[in-house]
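Asks: Chains as they are written, first to last, in this note's numbering: chain Y, 2 to 386; chain H, 2 to 386; chain S, 249 to 533; chain F, 249 to 533.
Rather than coming from a laboratory, the hints here were simulated on the basis of the structure.
Check each hint, because a few of them may be wrong.
[As the list claims (entries may be wrong)] In silico BS3-like pairs for lysine-lysine, Cα to Cα no more than 30 Å straight-line:
| no. | chain 1 | residue 1 | chain 2 | residue 2 |
| --- | --- | --- | --- | --- |
| 1 | H | K113 | S | K471 |
| 2 | Y | K168 | F | K299 |
| 3 | F | K307 | Y | K168 |
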Amino acid sequence: MNLHEYQSKARFAEFGIPVLPGKVASTPQQVYEIARELGGKVVIKAQIPTPNRGQIGGILFAENPKQAENLANSLLGSVISGLIIRKVLVNPTISIRQEIYLGMMNDRTSSKPMLIASSEGGRDIIEVARTSPGSIFRDTINPCIGLRDYQVRSIASNIDLPNEYWKTFLQITYSLYACFVASDAVLAEINPLVITTDNRLLALDSKLIIDDNALYRHTDLAEMYDNDGESEQEARARAAGISYVRLEGQIGCMANGAGLAMTTIDMIHLYADESIGPANFLDIGGGAQSNTVATALGIMLADPHVKVVLLNIFGGITRCDEVADGILQALDETKTTLPLVIRLAGTNANEARQMINRAQLPNLTCTASLTEAARQAIASARGIN
Amino acid sequence: MNLHEYQSKARFAEFGIPVLPGKVASTPQQVYEIARELGGKVVIKAQIPTPNRGQIGGILFAENPKQAENLANSLLGSVISGLIIRKVLVNPTISIRQEIYLGMMNDRTSSKPMLIASSEGGRDIIEVARTSPGSIFRDTINPCIGLRDYQVRSIASNIDLPNEYWKTFLQITYSLYACFVASDAVLAEINPLVITTDNRLLALDSKLIIDDNALYRHTDLAEMYDNDGESEQEARARAAGISYVRLEGQIGCMANGAGLAMTTIDMIHLYADESIGPANFLDIGGGAQSNTVATALGIMLADPHVKVVLLNIFGGITRCDEVADGILQALDETKTTLPLVIRLAGTNANEARQMINRAQLPNLTCTASLTEAARQAIASARGIN
Amino acid sequence: MSILVDNDTRLIVQGITGREGSFHTAQMIEYGTHVVGGVTPGKGGEWVHSKPVFDTVQKAVDATGANASIIYVPAAHAADAIYEAINAQIGLIVCITEGIPIQDMMHIYEYIQYTNSRLIGPNCPGLLIPNQVKIGIMPGYIAIPGNVGVVSRSGTLTYEIVYTLTQAGIGQTACVGIGGDPVIGTDFVDVLKMFEEDPETEKVVMIGEIGGRTEVDAAEFIKRSMTKPVVAFIAGNSAPAGIRMGHAGAIIENGTGTVQEKIQALQEAGVRVASNPENIPELLS
Amino acid sequence: MSILVDNDTRLIVQGITGREGSFHTAQMIEYGTHVVGGVTPGKGGEWVHSKPVFDTVQKAVDATGANASIIYVPAAHAADAIYEAINAQIGLIVCITEGIPIQDMMHIYEYIQYTNSRLIGPNCPGLLIPNQVKIGIMPGYIAIPGNVGVVSRSGTLTYEIVYTLTQAGIGQTACVGIGGDPVIGTDFVDVLKMFEEDPETEKVVMIGEIGGRTEVDAAEFIKRSMTKPVVAFIAGNSAPAGIRMGHAGAIIENGTGTVQEKIQALQEAGVRVASNPENIPELLS
């Protein structure tokens with residue numbers, strides 16, 4: 002789960018990381034008030050999870066509260082990188098000497114948290130990794146021991162941080178690590194961490210991504226979830242525990258298991274030309290009951306781009322008869338006439354096929370293999386197009 | 002550092018361990034007031050670090066506030082196990098179904114924290130270990146992983162704790178472990194942890210001993226230090242960083258290093274009869290400067306039981322000339338005429354011996370070996386006796 | 249008997265009284281697995297499918313001589329269950345549970361290195377030795393005995409591919425699901441090594457996914473140390489970058505972990521990579 | 249060259265710019281120890297006694313090829329210094345620092361088991377190979393080369409006994425102070441094993457204290473595995489139970505750890521136990 006910048010910033014501050022005294026606003030009037038409080042000259046930052054907001058118009062500078070209000074007026078409600086801006090963070094401007102990158106993430110290769118720093122802060126770290134990889138230094142943290150002073154000093158020495166900032170840098174890095182651990186984060190990032198012209202270290206941007214699997218033990222963080230920008234279908238899927246991602250094509254795809262769901266999509270890409278593609282990724286997960294299947298189908302059918310539906314179920318924990326039950330239930334509710342290509346295999350597949358045949362719905366086709374199912378769905382989509 | 006029961010109790014409560022709503026008092030009047038607040042019937046517990054207080058008159062029961070005041074009046078200021086009672090804890094009485102022992106300590110054999118529990122609570126655990134060792138169950142905790150649920154459940158199952166208390170027992174054990182770790186404790190003990198007749202689990206006694214080496218990072222705990230019962234000499238030694246323990250004999254002993262100091266005492270016991278013994282254990286530590294030596298000597302000489310002084314210094318980090326300087330300084334201040342047997346070896350021993358010889362003090366004897374020094378001190382003590 | 253298990257494997261089921269645990273215990277017993285008991289704290293003394301239930305793993309081990317465990321307990325308690333199994337000296341621990349927080353798994357990963365336990369999973373379907381042993385949730389009928397070893401990060405996709413093999417008359421020595429999470433106890437290289445050393449295994453099928461670099465590590469291992477032919481399929485060829493497709497592990501991170509990169513590495517290691525999983529039988533011949 | 253060190257031992261000093269670190273660096277160099285540099289964070293680039301100072305242990309290792317380290321940093325930073333040395337793959341780490349919190353040491357103890365580093369100490373005088381190498385704070389002149397190995401939990405008592413041997417003309421192969429804290433990196437058994445295997449060592453002197461059961465473990469090891477004669481002295485014979493005598497380790501806990509118990513165990517293992525340390529030379533002959 003991504004936190005907004007303003008939420009991450011509040012969390013960072015709780016853990017003792019020095020941040021700017023800015024505030025979040027959702028109306029131009031609020032922006033005006035905050036700018037006045039902060040002394041007039043401010044930075045307005047769109048609260049959307051996109052790197053390099055500065056380059057794409059997501060960060061604007063105002064000389065006075067009135068200008069801040071006007072800029073906020075144009076920013077709020079506008080769309081950047083496909084995301085609607087509903088909130089902005091208003092910060093005072095400061096004078097910067099140097100920008101540093103400081104981040105903590107889970108490293109899959111070592112299966113350990115990793116501390117990452119670069120003397121080149123302020124840009125997307127992936128970009129820095131491409132353009133000046135030599136400026137980036139990493140160290141893995143043994144989860145049994147935690148971060149140690151010498152690791153931070155080593156990083157400070159490597160990024161050529163002047164000696165007089167080491168003590169503060171140590172504190173900030175410890176705070177960041179403590180926040181990372183206590184929040185069950187998968188990423189905690191200060192980019193940039195700046196040295197101001199009056200010799201302070203300050204976190205200018207804050208980013209925190211929480212491990213969804215750990216939200217059960219962080220109700221405070223779970224409550225911060227902001228469904229800004231989430232479609233109704235995505236919200237329904239999330240509520241039902243279904244993995245659902247909208248794509249560009251016409252074939253609504255549903256499968257049980259992420260690997261199988263990806264493979265189903267891959268099959269469409271493999272056998273279709275460029276004009277035909279999957280409308281979504283949808284994984285009903287393991288052991289889904291009929292109502293989950295019905296919900297999933299309902300979500301897909303609510304998408305007007307969907308012209309054909311492809312269901313690929315390999316029963317294991319999931320029972321095919323439960324799936325068939327869900328399919329029939331959803332079709333009964335939606336009365337859809339869209340062609341449905343259904344491929345059922347595994348646990349209780351025979352029972353399921355019998356149930357579907359018994360329903361005698363003209364728009365339903367059962368196929369034996371995945372290849373056949375994909376080809377059939379593509380053919381149907383092409384016929385409709 | 003030992004915390005008093007009432008201090009440990011407050012700390013336990015902070016970590017979520019259920020405790021009684023009692024309060025600490027240092028006057029009978031306060032006891033009266035607290036007893037009234039608590040509803041009249043109370044237990045009065047002497048705040049001294051002694052096991053089995055109940056058996057030796059340190060825990061008294063009162064039926065009403067007036068009786069509580071009277072009992073407190075006799076208890077406060079009295080001496081139990083050589084310790085003056087300056088404070089009492091006043092608790093409400095409760096009705097008990099079962100007493101359990103629950104403790105956490107550092108186990109030297111495994112070099113890990115150890116969880117200890119017994120179904121036979123309420124008595125000194127060392128006594129329980131002697132009389133019914135089969136009732137005691139232990140499990141070591143890997144410090145890299147921390148306490149795990151299954152360990153607590155296993156202990157609960159072993160001590161035959163009824164199932165309905167497991168959940169609360171789990172919480173209490175976690176709280177105790179968290180308190181143990183967060184306090185840098187060497188011992189955290191609830192004895193007894195009781196099951197009340199109304200089916201609650203409650204910590205009836207609280208004991209917390211803090212690792213002295215870790216006090217630098219626990220200023221809140223360090224401030225709880227109560228020098229009740231500490232003699233002026235012990236307080237002076239503590240302030241100067243000197244290890245000082247009063248013993249029963251006449252020969253004041255001083256050495257650098259705990260092993261050497263113990264050996265010095267052992268030598269006296271080895272060569273003296275029962276009438277002669279060491280007056281104290283005193284270790285000036287490593288690298289002591291002359292003023293520490295002077296302070297140490299001053300502390301010993303202030304003890305009226307001391308008839309002879311034996312100094313055994315093997316210079317390493319500690320320089321013998323610094324020690325000689327400290328000796329001469331102290332003798333100059335105290336003008337003592339007691340016999341001093343001095344054994345100096347190691348770093349700058351020759352210089353030191355020259356300094357002492359130059360001072361031409363009639364009561365000073367330098368010896369070459371430890372055996373000789375011990376024999377000389379014993380002979381002097383015997384001569385005086 | 250193939251890899252990971254043998255005739256002395258004695259299995260306990262952690263979470264045996266739960267809905268999933270109980271269901272799959274019956275399935276495993278039916279398949280022929282030597283299930284000797286189960287563990288559910290507080291339910292010691294009960295019986296499930298004629299198997300004794302214990303309060304702790306240690307008690308189960310003491311009473312039954314168990315040396316393998318399968319874990320069906322909910323995510324919030326699964327890490328604890330794994331530690332309990334490790335500390336009771338269980339040699340093979342298979343964790344089916346999905347949704348264990350990654351920080352818990354990083355701790356376990358670090359800890360288990362220094363023990364004699366092997367963890368398979370979490371978030372995996374377990375393992376299947378056709379017609380002999382099943383420790384997990386794979387449907388038994390999808391597999392037949394043979395000489396192909398199957399190792400996979402995926403769940404149902406594994407069934408799909410194993411079933412495809414079976415329908416083509418190609419039997420398996422073992423089917424191992426290693427799990428799709430970013431931190432897992434046993435990875436491709438571990439299992440490939442076992443297949444390479446297993447005298448019964450002649451060929452290997454490896455099923456990967458987008459995200460991480462474990463397939464690239466596998467490719468390096470295959471190039472360096474494997475003599476047996478390997479056929480692979482990598483799911484997620486058409487997944488857009490950065491989009492999380494169900495699995496915590498299936499994220500394309502920092503420009504690495506793409507299917508293209510993995511396929512290239514595998515092909516350079518001499519692996520035949522299928523673009524359609526249903527073509528794997530052809531590539532094996 | 250005796251135990252623990254050899255001609256390739258290249259030592260760095262952690263905390264070299266401090267008062268103690270600097271003083272003992274000079275002493276060690278004078279004694280012949282191959283000191284190749286030192287570490288003080290933030291003072292990289294300086295020089296102490298003509299040895300280069302580095303910001304981190306890793307940088308010191310990279311520049312000097314150091315494989316041993318001695319730690320003189322204050323207690324609050326000593327645990328960190330030990331971790332730093334371990335993670336820079338230093339093989340021999342000697343920690344002189346006194347007063348490290350026991351919980352820090354328990355973490356280190358657990359962690360170091362799984363590395364290739366050996367820790368001596370903390371709160372110890374270090375080690376001395378007479379006329380060859382000194383890594384620690386033992387006064388050099390107290391020792392002469394010979395064939396007796398000395399191992400001790402104590403500090404100055406060790407000097408006392410080594411000096412007694414020297415004055416009696418009995419030389420030493422090595423003098424090792426393992427430290428008096430309740431949690432230490434290397435214990436009696438570890439060093440006894442080294443002496444047993446060391447061809448130059450013919451006899452061993454062991455110096456123990458009240459508290460803990462490490463001398464009892466040593467007695468068991470001696471009984472089981474040692475062929476060389478051992479003479480012991482145990483300090484604290486007259487210490488009252490429960491009284492803490494300076495050392496964190498010297499507590500008689502729960503009725504165990506008494507000197508009597510230790511002496512008995514050692515005598516049963518065939519060890520000659522001295523009641524006066526000045527009698528040790530006689531017992532060795």
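Asks: Now, for every hint given, state plainly whether the structure supports it.
Replies: Hints and how they fare:
At roughly 44 Å between alpha-carbon atoms, K113 (chain H) and K471 (chain S) are farther apart than 30 Å, so this suggested pair is violated. With a C-alpha separation of about 26 Å, the suggested pairing of K168 (chain Y) with K299 (chain F) holds against the 30 Å cut-off. Restraint check: the Cα-Cα separation between K307 (chain F) and K168 (chain Y) comes to about 20 Å, which is no more than 30 Å; the hinted pair holds.
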